[in-house]
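Can you make the complete structure from the sequences, with help from the hints?
Just so you know, the sequences run in chain order A and B.
If you count the first sequence from 1, position 287 lands on 353 in this note's numbering, and the numbers rise without skipping.
If you count the second sequence from 1, position 162 lands on 304 in this note's numbering, and the numbers rise without skipping.
Source of the hints: derived by calculation from the structure; they are not laboratory data.
All C-beta atoms, glycine included, are put in the ideal place defined by N, C-alpha and C.
Listed below are several chain B residues computed to face chain A (Cβ distance under 8 Å; list not exhaustive): (1) 220; (2) 221; (3) 224; (4) 232; (5) 238; (6) 241; (7) 249; (8) 250; (9) 252; (10) 254; (11) 262; (12) 263; (13) 265.
Residue-level listing of the chains:
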Amino acid sequence: MATRATAAPAVDERLLRANPVRKLLVRPEMGALVGAIAVWLYFAIVAGNRGFLTAFGTSTYLEVSAQLGILATTVALLMIGGEFDLSIGSTLGATGMIAAILSTTYNWNLWAAMIVALVFALVVGALNGLVVVMTNLPSFITTLATLFIIRGATIGFTRRITGLTQVGGIADVPGFSVANKLFGSRIPVGSGTYPVSILWWIGITVLATWLLLRTPFGNWIFGVGGSIQAARNVGVPTNTVKIALYMMTAFSAWLVAMIQLVLTTGTDVLRGSNQELYAIIAVVIGGTLLTGGYGSAIGAALGSLIYGMVRQGIFFAGYDSDWFQVVVGAMLLIAVLINEFVRQRAAGARR
Amino acid sequence: MQTTTPAPLIAVENVSRYFGQVVAIKDITMSVNAGEVMCLLGDNGAGKSTLIKLLSGVYRPSEGRILVDGTEVRFASPRDALTMGIATVYQDLAMIPLMSIARNFFLGSEPTKWVPPFRRFDVKRADRITREELAKMGIQVRDTSQPVGTLSGGERQSVAIARAVYFGARVLILDEPTAALGVKEAGVVLRYIAQARARGLGVIFITHNVHHAYPIGDRFTLLNRGRSYGTFAKSEVTREEVVSMMAGGEELEALGHELEEMARQDRDNAAALATAGREFTAEARDIERDAEDRTEPTA
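Given below as structure tokens:
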């Protein structure tokens, strides 16, 4: 106690010691930012003269990043809230198929079909959330179950209704031209054009970051993921938070499904497979902890950017694309190790 | 009696709580007044946890009444108790280690600005208020954006106490706030309990450590096996009496020796330490000699 008594008046001197550089370095997305710069530099060197640096090259990797990034941003919020959602890949496939079948087989206006698909996604999200909060089972398992149920049902219903596993011809249905402007157009910037999905990606990242850092709801997300019991004790509506987070991941699955539906003017029953895993990888590379309570939406965006650059960079560099998964796996491992170190610094180490 | 003295902030009258066949607590009566530290003492299984869960709205009593300001109340949830100014700080679940001090401080009651749907968490105000409130309790933090995990256990408890005080607690229920702490850390927390009392709060301090309870407590309620031995003002009991009541009359004989030891340690800690030191030295010498004895034949 004697040491405290002497330390107390010296508070100003102690305040000065808080190092702004150190504070920046412990931010969750710092590792991903450094990683993104390193990956870009690497491919700029090995594939710079093969088109990686052109406007076309940039737009191809940004498009890949954008589609994953829209998923990863909401997955990041959910994971900060301490849960997983493995069902988004299937939800992506199902919502795309619902909109496609309603608009082609049943001649609905594309917008009406899209809205029905959105309602379906939100219901799936709410159900995922309800199961988690009511059973207290690990969401890794419960959403693994929904992953299979939704994928299987998508294949089953599609085959029963259309007799096929693919549906095309979306470009001919009423409402397509506006949907194409919103989800599928390209915007000219400088010498090239860029897909509009990049704007959706940026928009959702900004919105998620604002939600997370600047609203009470964002504080609740951290609280629920950090210690659900403590959050509940101080009056945070923990169940509402979790259900809302699952509805957000389902929403982003729907959005990506609509973008892909319009871009390819069709869909197939397996669309979105493995996207839930890539989204988790992007989130973890972005510095979010698997255990919840810590992370960032900007980090998830940077993780998605790295994913897109590696995927397209390998193509531009002329490497065998078989090696892509090896690289992604290795990056995931490195990211997890760095995150663990950061977490220990933040939560355990007395400094 | 109520005509001359103000009603206690919170009181329980003859409350019992059963869990099926198990009698967790039976016929407990106790109260806490403004500006008073009431220590709730008891060994493990004495019913302390059940009693505080009744007071904080987690459980409802099976029998008996809970009174706030002399009026009978029925808490439907912990939120109900909180709105009546009864705040509970739990031992392990007070703070979220990965979150910043300011975010922890306001979790669940974030200050906002602007109107919906643009209503936002006023981070600057949260930082400023957190800093001010902690300073009032005599806690200086370098940076309110540092994670709570970087604070010591005692500091975490203190921040939780400061938070409860800021959010209008009139009664502060502290569940074993010093249990996991070292001597120095516990001292820090005890000082903040004294601060809260000085600010006119009623404090219910749950502990099984008499050495923490006795210096700070004004009155002591002793629980043993779900029943109360009654409430004693500090002037009525000695520390040794408190210890013996906590342990329970039947076990007293068995504990007699241990208690004497404790009392002697309190009076003359230095002597005990010196003795212990001598014993250790002697023992160390023995071990050394044994080790030499054992190694020599093989060498």
